[in-house]
Amino acid sequence: MSYLARRLLTFPLVMLGVSILVFVAIRLVPGDAITAMLGTEAGLLTPAQRAALSAYFGIDKPILVQYWSWLLGVLQGDLGISVIHGKPALTIILERFPLTLQLALMSMCVALLVGLPAGVFAATRNEKISDLAVRIFAMIGQSTPNFVVGLLIIYALSAGFGILPTMGEFTPFLTDPLRNLGQMILPAITLGFAFAASVTRISRSAMLDVLSDDYVRTARSKGVPKRSVIWRHALPNALIPVVTLSGVEFGYLLGGAVLVEQIYALPGLGRLVLEAILQRDYALVQGCVLFIAFNFMVVNLLVDLAYVTLDPRIRLGESN
Amino acid sequence: MTPLLSVSGLRVGFGRDPKQNEIVKGVSFDLDAGETLAIVGESGSGKSVTALSINRLVDFGGGRIIGGSITLKRADGSILDITGAQEPVLEKIRGSEIGMIFQEPMTSLNPVLTIGRQIEESFRLHRGLTGRQATAAAKDALDRVRIPDAARRLKYTPNQLSGGMLQRVMIAMALACNPRLLIADEPTTALDVTVQAQIMALLGELKRETDMGMIFITHDIGLVAGIADKVMVMQAGEAVEQGPLGDVLDQPKHPYTQHLLSAVPHFESGRAARSDFSREKSEAIVPALKVDGLTVRFKVAGSILSRSPGSVHAVENVGFDLMPGETLAIVGESGSGKSTTARAILGLVKPTRGSFSANNGRIVDGSDPSVQMVFQNPYASLNPRLRIDSILAEPVIAAGGRIDAETRAKMVALLKRVGLPENSLLRYPHEFSGGQRQRLCIARALMLNPSIVVLDEAVSALDVSVQAKVLELLVDLQHEYGLAYLFVSHDMAVVERIAHRIAVLYAGQIVEIGNAASLLSNPQHSYTKRLISAVPSIERRNQHFELDTRQVPSLVRPPGFEPPPAEWQTCGPDHRARAEA
Chain A
65 MSYLARRLLT FPLVMLGVSI LVFVAIRLVP GDAITAMLGT EAGLLTPAQR
115 AALSAYFGID KPILVQYWSW LLGVLQGDLG ISVIHGKPAL TIILERFPLT
165 LQLALMSMCV ALLVGLPAGV FAATRNEKIS DLAVRIFAMI GQSTPNFVVG
215 LLIIYALSAG FGILPTMGEF TPFLTDPLRN LGQMILPAIT LGFAFAASVT
265 RISRSAMLDV LSDDYVRTAR SKGVPKRSVI WRHALPNALI PVVTLSGVEF
315 GYLLGGAVLV EQIYALPGLG RLVLEAILQR DYALVQGCVL FIAFNFMVVN
365 LLVDLAYVTL DPRIRLGESN
Chain B
15 MTPLLSVSGL RVGFGRDPKQ NEIVKGVSFD LDAGETLAIV GESGSGKSVT
65 ALSINRLVDF GGGRIIGGSI TLKRADGSIL DITGAQEPVL EKIRGSEIGM
115 IFQEPMTSLN PVLTIGRQIE ESFRLHRGLT GRQATAAAKD ALDRVRIPDA
165 ARRLKYTPNQ LSGGMLQRVM IAMALACNPR LLIADEPTTA LDVTVQAQIM
215 ALLGELKRET DMGMIFITHD IGLVAGIADK VMVMQAGEAV EQGPLGDVLD
265 QPKHPYTQHL LSAVPHFESG RAARSDFSRE KSEAIVPALK VDGLTVRFKV
315 AGSILSRSPG SVHAVENVGF DLMPGETLAI VGESGSGKST TARAILGLVK
365 PTRGSFSANN GRIVDGSDPS VQMVFQNPYA SLNPRLRIDS ILAEPVIAAG
415 GRIDAETRAK MVALLKRVGL PENSLLRYPH EFSGGQRQRL CIARALMLNP
465 SIVVLDEAVS ALDVSVQAKV LELLVDLQHE YGLAYLFVSH DMAVVERIAH
515 RIAVLYAGQI VEIGNAASLL SNPQHSYTKR LISAVPSIER RNQHFELDTR
565 QVPSLVRPPG FEPPPAEWQT CGPDHRARAE A
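Top to bottom, those sequences are chains A and B. Per my numbering, residue 65 is the first one in the first sequence, and the count goes up by one each step. Per my numbering, residue 15 is the first one in the second sequence, and the count goes up by one each step.
Hints should not be assumed to be uniformly reliable.
Keeping only pairs whose Cα atoms sit at most 30 Å apart, straight-line, the calculated BS3-like set for lysine-lysine is [unchecked claim]: (1) A/Lys192 with B/Lys39; (2) B/Lys39 with B/Lys267; (3) A/Lys290 with B/Lys106; (4) B/Lys106 with A/Lys192; (5) B/Lys33 with A/Lys192.
A partial selection of chain B residues facing chain A, derived with a Cβ cut-off under 10 Å [claimed, not checked]: (6) Leu71; (7) Phe74; (8) Gly75; (9) Glu101; (10) Lys106; (11) Ser110; (12) Gly113; (13) Thr121; (14) Ser122; (15) Asn124; (16) Pro125; (17) Thr128; (18) Thr171; (19) Pro172; (20) Asn173; (21) Ala190.
Treat the hints as calculated values from the structure; they're not laboratory data. From the three backbone atoms N, C-alpha and C, an ideal C-beta is built for every residue, glycine too.
Could you build all of it, start to finish, from the sequences and the hints given here?
Next up, the structure:
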């Protein structure tokens with residue numbers, strides 16, 4: 065069987081595992097949905113009212129029965145109804161997802177546009193002052209929490225240049241691209257900062273390895289100018305670890321970035337999950353986690369396929 | 015007349031303080047167009063650094079030229095001072111006027127670019143060709159190095175070609191712009207001996223066609239005889255002797271040259287074969303090891319979109335027996351299945367079919383203590399974190415034994431027997447030299463009193479003089495313990511000195527097997543003949559190697575394929591070869 069088919073077959077299995085985990089985990093937490101929904105007023109409910117509400121939401125049944133009916137729904141594309149929003153969970157998730165996807169893509173662009181050249185540059189200046197500077201900067205980037213970076217950027221722009229980041233109601237890209245980008249660029253830089261630092265470090269070390277490889281010497285012996293040696297001969301060979309790292313980071317970003325969304329008041333997946341957890345919105349939490357797991361798997365598959373195009377020696381599915 | 019290349023008083027150093035760390039200490043030579051200079055020396059003698067200084071690639075390896083001069087007569091007749099040239103000038107020279115080929119074709123080509131693009135690059139850089147013109151030029155370059163089906167091969171990436179093919183691609187690339195000087199740094203060391211002969215033939219022919227000068231770097235003085243006009247012998251950064259080929263080989267003046275010439279085991283076409291064992295006189299009746307119909311196949315996985323195309327028939331119906339006290343050498347080139355055969359016998363690879371039985375008729379499996387192994391690389395096959403006593407204890411523990419006074423006495427006795435001091439037990443592997451480590455590996459293999467020792471290229475990684483001593487030790491141990499050796503090797507000169515019998519493996523099958531002296535002096539199968547005639551020898555001067563573009567056949571067979579049964583012809587009392595169509 066081909067690699068792709070085998071890989072796609074594992075999708076439902078992993079999803080099933082994830083669904084069981086999240087279903088059980090959320091129910092192990094003390095407290096219940098009705099209390100969470102009604103807050104202190106829940107205390108005013110008579111046991112009969114409470115039972116009626118439980119029956120209405122279906123949470124009075126044994127957990128296996130609950131799981132089974134939920135699973136049947138998921139298989140038909142129904143992630144359940146969010147009790148807080150009163151809308152299908154999937155609808156809410158799909159409303160929030162474009163923003164998260166856009167943010168993740170933009171952060172990755174920032175990371176690659178800054179991190180790759182910086183890493184390559186540092187590798188070619190190995191052990192010189194400029195290499196050291198890049199490495200220190202990368203270390204700082206990796207170790208600074210992104211909310212600190214975000215706040216510093218806002219502070220610097222407003223206090224230093226008098227520019228205020230575009231705030232207010234979030235505008236989708238298709239409605240007003242310019243306003244949208246104005247709102248998104250700072251969050252993307254904030255998220256991309258640490259990401260870029262990781263890309264810098266990994267591309268630097270990968271390039272250092274590759275630059276001492278025999279084929280680089282061969283290229284030089286042909287009279288290939290320095291710039292082509294680096295960008296045409298060495299870099300493509302150093303990309304595999306960079307792609308691996310970017311894939312993992314991108315997968316995380318697709319799960320939303322709670323702190324950055326909070327700082328810039330963006331209605332992304334991260335905040336959605338946080339709210340759903342705080343409010344015990346079972347259907348929404350389960351739906352979000354499944355959705356995020358699914359994205360992660362898709363990204364991983366794309367990364368594996370990228371390996372094949374990057375390096376002809378890699379043939380997927382071969383067992384050695 | 016100014017020579018093509020003139021090097022005088024060249025000094026090269028490395029590191030932060032190059033003057034303190036001189037690798038090349040004042041080397042001088044001249045080279046004319048059409049002339050071949052061989053630079054011979056051991057690793058660390060500075061021969062590669064000298065070569066890399068000529069196109070200044072040494073700069074990228076952390077080296078610096080600290081004295082002397084290198085001048086090149088360019089195509090337009092002007093003289094270029096290479097030691098003082100700036101990088102942009104050097105980039106123009108490299109590839110167009112000075113070409114270079116390296117030792118490892120497998121790693122010297124960029125794995126992610128097609129070979130077409132890599133060859134075209136030279137034409138783009140130095141001839142200004144683009145698009146179709148560059149592609150056509152690249153195809154011509156491949157034709158020139160006799161790669162069949164060149165147009166299709168341009169689209170291949172390096173992993174799709176064999177080592178010999180890749181070295182031809184390297185040569186095509188280096189010669190793309192008709193350089194006036196070619197530097198070949200051990201271009202055949204990583205290749206099989208038959209492929210080596212082909213590459214040498216090709217270089218010789220191309221040199222005659224183009225009248226370029228060539229610098230040929232090697233540690234194999236036998237190879238020098240076949241190609242060089244002049245020889246320079248280097249030792250510890252200095253040229254200890256140089257002169258015309260005949261003078262250096264026949265009347266070596268410097269003791270080091272004499273040592274180099276005498277330490278190398280020369281292939282003597284069976285005259286040097288061992289005669290200390292014969293099957294008729296042996297008392298043993300039951301073979302130490304009997305292998306019957308051994309077949310190993312590896313299923314080839316399909317790609318993303320296609321099914322498996324079949325299996326690699328790595329070893330096909332191999333059978334032989336090995337008597338106590340006898341050495342059977344398995345020879346063949348990479349991919350012939352010789353290592354797979356050894357691994358299957360040790361149970362490291364699961365055979366598809368076939369059986370083995372040891373002296374008492376038991377079926378051998380991987381955990382049988384009567385079969386032990388010594389590997390090729392003594393640096394990699396000893397765990398650096400274990401002390402020698404733990405290393406020697408390992409096989410005993412693995413066999414379910416315990417470390418008692420008797421075992422310790424055995425360790426001490428074996429160490430003494432392989433020629434190592436007793437206090438070695440408390441030391442670590444890094445404290446030993448390569449030859450000593452291989453002795454340790456031999457001692458380890460003998461801990462369980464095996465009857466059979468499999469030696470997989472056991473002396474290939476050692477220097478020639480060390481090689482000879484380890485071979486001696488192996489012969490002594492064989493006499494003492496009545497050991498049966500299965501000696502896997504590609505080196506015919508070594509095989510001649512250790513083997514009683516030889517099995518020649520080609521494409522997974524035995525093509526010829528028999529008494530060593532008979533097989534080496536009177537080879538019958540065409541492959542054995544090719545293998546033996548390809549062994550370089552200082553006797554054959556300026557030899558015209560036959561150019562042979564045959565490729566090893568692919569071993570991938572469609573599912574369900576069974577090869578036809580072999581037909582054998584007897585060529586002597588203990589010597590038979592497979593009949594050829």
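Does lysine 39 of chain B pair with lysine 267 of chain B here, judged by a C-alpha cut-off of 30 Å?
holds (20 Å)
Taking 10 Å as the limit, does the beta-carbon of proline 125 of chain B come near enough to a beta-carbon in chain A?
Holds, about 6 Å.
May I ask you to test the interface hint for threonine 171 of chain B with respect to chain A, counting a Cβ-Cβ separation under 10 Å as satisfied?
Constraint on threonine 171 of chain B satisfied, holds at 4 Å.
Please check whether asparagine 173 of chain B passes as an interface residue: C-beta within 10 Å of a C-beta belonging to chain A.
With a closest approach of 5 Å, the asparagine 173 of chain B hint holds.
Checking hints one by one. Is phenylalanine 74 of chain B an interface residue toward chain A, by the C-beta closer than 10 Å rule?
At about 6 Å, which falls below the 10 Å cut-off, the nearest Cβ of chain A leaves the hint on phenylalanine 74 of chain B intact, so it holds.
Can we keep the threonine 128 of chain B interface hint, with Cβ of chain A closer than 10 Å?
holds (8 Å)
With 10 Å as the cut and Cβ atoms as the points, is lysine 106 of chain B at the interface with chain A?
holds (6 Å)
Going by Cβ atoms only, is leucine 71 of chain B closer than 10 Å to chain A?
holds (6 Å)
Against chain A, run the beta carbon of glycine 75 of chain B and see if the smallest gap drops under 10 Å.
holds (8 Å)
Please work out if lysine 290 of chain A and lysine 106 of chain B have their alpha carbons no farther apart than 30 Å.
holds (12 Å)
Given glycine 113 of chain B as an interface hint, is its Cβ closer than 10 Å to any Cβ of chain A?
Since chain A brings a Cβ to about 7 Å from glycine 113 of chain B, closer than 10 Å, the hint holds.
Supplied contact hint for alanine 190 of chain B, tested at 10 Å Cβ to chain A
holds (8 Å)
Checked against the numbered hints given earlier, this structure breaks none of them.
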